[in-house]
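Asks: Starting from the known structure of chain A, arrange chain B on it as the hints suggest.
Residue numbers (this note's numbering), protein chains in the order written: chain A, 1 to 969; chain B, 1 to 593.
These are computed hints drawn from the structure, not numbers from a lab.
As the structure is a prediction and not an experimental result, all values here were calculated from the model.
There's no promise every hint is true.
[Unchecked claim] Think about it this way: if two alpha-carbon atoms lie no more than 27 Å apart in a straight line, the pair counts; the simulated BS3-like pairs of lysine-lysine are: (1) B:Lys491 <-> A:Lys480; (2) B:Lys205 <-> B:Lys283; (3) B:Lys205 <-> A:Lys438; (4) A:Lys492 <-> B:Lys253; (5) B:Lys88 <-> B:Lys118; (6) A:Lys496 <-> B:Lys297; (7) B:Lys88 <-> A:Lys496; (8) B:Lys123 <-> B:Lys100; (9) B:Lys283 <-> A:Lys879.
[Claimed, not checked] For each label pair, taking beta carbons as the anchor points, the in silico distance ranges come out as: (10) A:Asp245 <-> B:Leu361: 55 to 65 Å; (11) A:Trp297 <-> B:Pro444: 32 to 42 Å; (12) B:Ser578 <-> A:Trp297: 25 to 35 Å; (13) A:Tyr545 <-> B:Lys214: 27 to 37 Å.
For each residue, glycine too, the CB sits at the ideal point set by N, CA and C.
The primary structure of each chain is shown beneath.
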Amino acid sequence: MAAHLKKRVYEEFTKVVQQQHEDPSAKKLRLTKPSKSAALHVDLCKATSPADALQYLLQFARKPVEVESVEGVVRILLEHYYKENDASVRLKIASLLGLLSKTAGFSPDCIMDDAINTLQNEKSHQVLAQLLDTLLVIGTKLTENPSVRTRLVEVACKHLTDSSHGVRNKCLQLIGCLGPVEKGVAKEGENQAAKDVQKIIGDHFNDQDPRVRTAAIKAMLQLHERGLKLQQAIYSQACKLLADDYEQVRSAAVQLIWVLSQLYPESIVPIPSSNEEIRLVDDAFGKICHMVSDGSWVVRVQAAKLLGSMQQVSSHFLEQTLDKKLMSDLRRKRTAHERAKELYSSGEFSSGRKWGDDAPKEEIDTGAVNLIESGACGAFVHGLEDEMYEVRIAAVEALCMLAQSSPSFAEKCLDFLVDMFNDEIEEVRLQSIHTMRKISNNITLREDQLDTVLAVLEDSSRDIREALHELLCCTNVSTKEGIHLALVELLKNLTKYPTDRESIWKCLKFLGSRHPTLVLPLVPELLSTHPFFDTPEPDMDDPAYIAVLVLIFNAAQSCPTMPALFSDHTFRHYAYLRDSLSHLVPPLRLPGRKLLSSPVSPSITPHEDPSQQFLHQSLERVYNLQHLDPQGIQELLEFTIRDLQRLGELQSELAGMADFTATYLQCQLLLIKALQEKLWNVAAPLYLKQNALASAAAKQILEETYKMEFMYSGVESRQVVIIHHMRLQAKALQLIVTARTTRGVEPLFGMCEKFLQEVDSFQRCFISELPHMQGSFVDKLLDLMPRLVTSKPSEVVKILQTTLRQSTFLHLPLPEQLHRATATIIEPTGESDNPLRFTSGLVVALDVDATLEHVQDPQGTVKVQVLYPDGQAQIIHPKPADFRNPGPGRHRLITQVYLSHTAWTEPCQIEVRLLLAYNSNRSKASAKIPKSGWSESLEALPQPENGIEGTIPFSKPVKVYIMPKPARR
Amino acid sequence: GAGQDVGRSCILVSIAGKNVMLDCGMHMGYNDDRRFPDFSYITQNGRLTDFLDCVIISHFHLDHCGALPYFSEMVGYDGPIYMTHPTKAICPILLEDYRKITVDKKGETNFFTSQMIKDCMKKVVAVHLHQTVQVDEELEIKAYYAGHVLGAAMFQIKVGCESVVYTGDYNMTPDRHLGAAWIDKCRPDLLISESTYATTIRDSKRCRERDFLKKVHETVERGGKVLIPVFALGRAQELCILLETFWERMNLKAPIYFSTGLTEKANHYYKLFITWTNQKIRKTFVQRNMFEFKHIKAFDRAFADNPGPMVVFATPGMLHAGQSLQIFRKWAGNEKNMVIMPGYCVQGTVGHKILSGQRKLEMEGRQILEVKMQVEYMSFSAHADAKGIMQLIRQAEPRNVLLVHGEAKKMEFLKQKIEQEFRVSCYMPANGETTTVFTNPCIPVDISLGLLKRETAIGPLPDAKKPKLMHGTLLMKDNSFRLVSPEQALKELGLAEHQLRFTCRVHIQDPRKEHETVLRVYNHLKGQVVLKDYSVQHLPDGSITVESILIQATAHSEDQGTKVLLVSWTYQDEELGSYLTALLKKGLPAGTS
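Next up, chain A with everything else stripped away, as it sits in the complex (with noise of 0.2 Å):
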């Protein structure tokens, strides 16, 4: 089936079978070429001009060289280089030097003098500043050698004087990836490069070339990231570098700043034209605040971001940043956010605006007006307004972080993260609705910001009304009239957007949860329940209706007045909706109504130590009975199965660690139940149906083994062990069987080595876990490995068949965390009776969208798999773009898929489902392959998937129903 799966896939996507092909052919042509040093050399000594051996060189970057005979081309290499005149082979020379060195596994300080002596009689300024980023690279192989770098800094120092821009900048890299960072080097080494680093780059803020000024910042900062502590000195270059002409310059100007202020946050800097002196952190934070009203949106996005971490700085400052000052003909005016918090306070929210209303009150000092600050004053003002979403992105990040760590600030910051909601731009609203909620704990909203963060939720898109669902789950209102009106829009949102009705009662699930005290007034309107008459009963499968009551009882939880408002009708529906969405409505106590919920509760009541107990209670049982009689064995595990499975249904967080082991067991039960079977021992074929049952058994073992193995996220390697192990005991069932029905020898032979392979990867892989798996199937199999290799086939399968019978059941460790990868289709939903229809032979699309939890690296393993009438598959693999992340372990998937079939006579339906692709080569333990940095176009082929092995459906299909007509002549 996944041959077939695979086979479909090449034939929808010809790129994929190009690639296949050309695969092959690039290492062909390694192969063929052994010697590429003296075909280089031929090559080079037959180039008639410097444009022939350009093109020379150029074919030979083309492909990688082995590490055994790179210094022998080095050599080559250097030999021309010498007497090349033309500048351009030289530099190319030059460059293919640096790409060597850099070969894995080859150690550049054998060609490091050449290197160094090729420098100085070259003229061209390019070729030197190539050189120098050769050195680099060598210098950077070999960072452990201080010799190596001393050297290296001194020849960098002694081209500091050089005329061309390039050379200095390159000079100024190599000083900051190799200059000494530890005091004792530059003490101890008598040279000159022994002067200290930072006066030579910090000469070098003066330079006539932008270009050198930003390398010589760009060489302090990678100091700084090498461990080096600046000096404070550089603080006051620094700041005149703000002022710089060109954008770069200040851009790295601001960084260099932000570290300074960082490393040095409560050292005192006075202020110039006044003789007074304010902390370092301030006066930092001042500065990169100025610059978020900068000309150039690099140097604003790079200042907004920078703000964000500098927690360090005093409240007064910080506060100032959210400070404009309006006025209007010199009076003082209030922001509309002042006005509108004026009004709240003074209880007359809401009246009409009328002309004049915003009409300046007092009369300012003319004097005492500053109009550009040279402090904070309003720069997140200005980095929320700006012109480039860019930058108000950044601003909304760096108010968010700030926020986080001063609750003061955050309180101040909402009006504007507020108004950030009716943004032009989405990405934006979503930004700072993630914000909000991220600093949700320190805020409580104000009924006119509440009001104005609901009015976002009859947004179109669905991004955003979810944000803001999730934004309300954790946010403090602060009256009653606030929750009321909160349900009201939520309730219209579910009206405009049924499709978001999880979500809303979820929503009001935590809004009922935290103000209790603010729902009790509002039941009897919720509820519309009358003092004298009885009102109708409402429509139990109302949505609405639903959300009211999980507001209500979320609030009853910690409210035991509460129920006493509640008509029988209600505790009725409570009892229904205790059962059916018992994710949303938590147990209460209802007093004197015990016999309503009790014949529900007792079962579903037990809290999550207890069932957590409870799984470890029972494992214990399963894995300490071991040595019950055969049919004991399998009722256990049998019952402990369906517990766990009923366990993971109730309690959701316990849901992947319960399924994970029940699938272990199941394994477990499978085995033995194949192994028990009465006429195993009996010879062979006859017995076709027992065989079919053990080989289907050895199937589902296998297939269940990939799930383990990969649906579940935080599996460690502990667990892989145990897994592998399984799998590999599956396939010795697997070998039984198939030994026992075929006849002859042959076949068996092959099987037999495969499986011996399989043992001897395994043991491996997991050397080091072997040690806790004693008594397992595996440790008695590698004592007899030494027999097993040497002996035939049929004795192989009999040895296996009794360690199989012998082994132990492995105890299956559990880890912390364990979650199972879902899926969810949200669309299509598979409810419409209309079909899609599309004249035949063309395309149509069709939108998929689809919640994903749990799923490692969605972009590389999810895929999607169409399949119609006909029995053909089609699998897609949706764009990396495709996927979202908007929670962590959450993913979405909004994707479109292609459809196409030739004509059919009638509509019918056709099945999507989701695929978690999964590759066995892919073990958790295997390193990354370290690429190459040798040659680009090797880079762009991508790695051979050769290791698919199959996929997991791991969502329910959804039934689409689409008609492909005929096309009209």
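Replies: Relative to chain A, chain B alone:
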């Protein structure tokens, strides 16, 4: 015009012998001769073309371009007129509309005709943003983005190394369809800036937008009708985009209408000039051009009576006549409806009356109209506020600032602020007044390469940021400046070289013999740290040379105890020579022998 005043912007700049006219606007407030600038100020007799090198129009608002046909066709000007592409496209539509109202409605004669507008437009040269246009050999202009309205630009005018930046109207905060004004650090000698909001710092636009949208949304949800009187171009598009995106976001269904007229044509241009709009529109226009409104449809007179909610944009903006007034009369009676005034209203208009709270209006024919609908005011202006102006000054770093297009009292305040914070001088001339700004012109001089290389080889490595002393001859010949080596200068001018030597006598009290004195002087000079790098030699004939400077000692004819040191140097060594004399004048140290 526009000196301490808003309206009929028209500024004359003379820079390095070139005359440039910036903007050519009309005044809204006048209907007589005062509505146009007084062009006789430029010249009484003779054609304007001879006096002006070029005319620059910053944007298409009538107070910046309204007098253009009158100026070019009726007064007479044939030189180039520069404006940006969108301005060139939209400007004639507005001029034509203006002409129609004045001539057809008010029945004025002696006004420019449609043909004149066309002829005038033929003289226009369109420029791109950041394109440097050479008007003639010396004069060049360059346009920068200014926000404000579609196609608004700031212009840099440059002659040699003197430059002026004229901002026109600009906006430093981006809005829904336009970006913010931007200029590089061009350090002009003079920045001419508008100062409409010299004394205002505005609140964030988000609050305003939110308020506006909320009001409209609430009214529409209630089933009411919303009337928004607007002027045809500029803010109207802004509000359209705002409502359009809001409708889109919120999935609203109520219809929005735009009363037609010149708008449709103008909208067409808005669709075309996508590059002039803001980031959002530029990024999304491939999927959908934001100006292709989905929800906004053309208005028909009959729609006003349709039941149900709707939003209508109608001209003119002050509710004094036309369609907006008609609709207002129909809807005023219902308290569910709402009128939103998005801008300032002149006294005497219906708009001003209702904004000031009047509830009973007397219409023509003695009818009394009772206003029950809600009246809202919402300010959407696209001028830079005081902070914005300061920000622009900070960006451009001018040496002088000149304020125009604002009220005198407000300018005063801003002027004081600018002088205080940037320490540059600031001017605010009234109409007809001339301000002279002194500049420090730099004069480019050609230098021969040989000389440059020779001079830079001496001494430390050149540093471009620091001035360096050089030795050469300045040749002023054929209206060009050249710096050449002295030898070459002599050769070119056919002059013989003269040696110029300075000699100086220094008296020293020293009773010893002459050659001993010389030896003492020699040792003294040898011991000087400053002279370490120079060759100091004691010649056999009893004289000392320091490089080319000759020092001889003779006994004083009258007093043998006094020696006279003769110091002689050529004028090239003036520096060293004067140093030596000064040194010797201090006398010799006693200890040396």
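Asks: Work down the list of hints and note, for each, if the structure agrees.
Replies: To see whether the hints hold, each was checked on the structure:
With a C-alpha separation of about 99 Å, the suggested pairing of Lys491 of chain B with Lys480 of chain A is violated against the 27 Å cut-off. Between Lys205 of chain B and Lys283 of chain B, the direct Cα distance comes to roughly 22 Å. Compliance with the 27 Å bound is thereby established for this hinted pair. Taking the CA atoms of Lys205 of chain B and Lys438 of chain A, the gap is about 25 Å. The hint holds against a cut of 27 Å. The suggested pairing of Lys492 of chain A with Lys253 of chain B holds, with an alpha-carbon distance near 16 Å, which does not exceed 27 Å.
Restraint check: the Cα-Cα separation between Lys88 of chain B and Lys118 of chain B comes to about 11 Å, which is no more than 27 Å; the hinted pair holds. The straight-line distance between the Cα atoms of Lys496 of chain A and Lys297 of chain B is roughly 25 Å, inside the 27 Å bound, and the hint therefore holds. About 46 Å separates the Cα atoms of Lys88 of chain B and Lys496 of chain A, which puts this hinted pair outside 27 Å; it is violated. Annotation: proposed proximity of Lys123 of chain B to Lys100 of chain B holds, straight-line Cα distance about 22 Å (limit 27 Å).
A C-alpha spacing of about 21 Å is found between Lys283 of chain B and Lys879 of chain A, which places the hinted pair at or below 27 Å, so the restraint holds. At roughly 59 Å, the beta carbons of Asp245 of chain A and Leu361 of chain B sit within the given window of 55 to 65 Å. Taken as a hint, the range 32 to 42 Å holds for the pair Trp297 of chain A and Pro444 of chain B, whose Cβ atoms sit roughly 34 Å apart. Look at Ser578 of chain B against Trp297 of chain A: about 56 Å separates their beta carbons, and that is not inside 25 to 35 Å.
At about 29 Å, the CB distance of Tyr545 of chain A to Lys214 of chain B agrees with the hint of 27 to 37 Å.
The earlier numbered hints that this structure contradicts are 1, 7 and 12.
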